[in-house]
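Number of protein chains: 2
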Amino acid sequence: MELLLTYDVSTIDPPGRNRLRRVAKLCEGYGMRVQKSVFEIVCSDADLLVLLDKVQRIIDHDQDSIRIYRVPKGSLRDVKTLGTAAPLPHDDALIL
Amino acid sequence: MELLLTYDVSTIDPPGRNRLRRVAKLCEGYGMRVQKSVFEIVCSDADLLVLLDKVQRIIDHDQDSIRIYRVPKGSLRDVKTLGTAAPLPHDDALIL
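Top line first, the protein sequences correspond to chains B and C. Note that UniProt numbering gives residue 47 to position 47 of the first sequence, counting from 1, and the numbers run on in steps of one. Note that UniProt numbering gives residue 14 to position 14 of the second sequence, counting from 1, and the numbers run on in steps of one.
Honestly, the hints are just simulated from the structure, not real lab data. By construction, the Cβ of each residue, glycine as well, lies at the ideal position given by its N, Cα and C atoms. It is possible that part of the hints are untrue.
Short derived list, chain B residues pointing at chain C, Cβ under 7 Å [as the list claims (entries may be wrong)]:
id: 1; residue: D8
id: 2; residue: I59
id: 3; residue: H61
id: 4; residue: I68
id: 5; residue: K80
id: 6; residue: T81
id: 7; residue: G83
Simulated DEER-style distance windows between Cβ atoms [to be verified]:
id: 8; chain 1: B; residue 1: D13; chain 2: C; residue 2: A24; range: 19 to 29 Å
id: 9; chain 1: C; residue 1: K25; chain 2: B; residue 2: S10; range: 15 to 25 Å
id: 10; chain 1: C; residue 1: G16; chain 2: B; residue 2: P87; range: 20 to 30 Å
id: 11; chain 1: C; residue 1: R17; chain 2: B; residue 2: V50; range: 33 to 43 Å
Chain B with its partners taken away, still in its complex shape (with noise of 0.2 Å):
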């Protein structure tokens, strides 16, 4: 499945700097970081119970806002992209 999670943490003292980087470094082992806080994830159903209860442990839930947007197949290629941004390809051939 295609995943959409964004991260909204304060970024303005260490610790949630701290989280907002555990939580990329996790999320960029199911996909890719495309902005500062959103991440687009290709992952199975299991994958994403294991990536939801390791969000869970890191996140402060009084603080940080999680949402994660359950998008149909080929949405992440098809993004509409302005600025500085860029559609990032998820399952293309490796080329060497």
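Keeping the supplied structure of chain B fixed, place chain C upon it in accordance with the hints.
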């Protein structure tokens, strides 16, 4: 249609904060700001063209990143949330 618009802009300097404020004000005319830089938008094809045109005039194309994902109807309501996030009603009947 339902859209997710994510905006990555440096808010360290006042011009960046000002651009984010202007994009937020614009997007709030079509939906809701659900995180600092994530907007859930419900609009028509025609509205989207107008929105894109206005956004392009606000952002700094060399610094800012905008991503717009089209999601199936109902996706915005079906969002999975953690922490302080909560699903928001876009089309619930108004209860007075």
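Taking the hints in turn, this is what the structure says about them:
Taken as an interface hint, D8 of chain B checks out: its beta carbon lies about 4 Å from the nearest beta carbon of chain C, inside 7 Å. With its C-beta approaching chain C no nearer than about 5 Å, I59 of chain B sits inside the 7 Å limit, and its interface hint holds. The closest approach between the C-beta of H61 of chain B and any C-beta of chain C is roughly 5 Å, which is under the 7 Å cut-off, so the hint is satisfied. For the restraint placing I68 of chain B at the interface with chain C, the shortest Cβ-Cβ distance is roughly 4 Å, inside the 7 Å limit, so the hint holds.
The interface hint given for K80 of chain B is met, as the beta carbon of that residue sits about 4 Å from the closest beta carbon of chain C, less than 7 Å. Evaluation of the T81 of chain B hint against chain C yields a held restraint, the C-beta minimum of about 6 Å falling below 7 Å. Checking G83 of chain B against chain C by beta carbon gives a least distance of about 4 Å; that is within 7 Å, so the hint holds. Under the hint 19 to 29 Å, the C-beta atoms of D13 of chain B and A24 of chain C, about 23 Å apart, fit the expected range.
For the hinted restraint 15 to 25 Å between K25 of chain C and S10 of chain B, the CB-CB distance of approximately 22 Å keeps it satisfied. In this structure the hint that G16 of chain C and P87 of chain B lie 20 to 30 Å apart at CB holds, the actual value being about 24 Å. A beta carbon spacing of about 37 Å between R17 of chain C and V50 of chain B agrees with the range 33 to 43 Å that was offered as a hint.
Violated hints for the displayed structure: none, as all numbered hints are satisfied.
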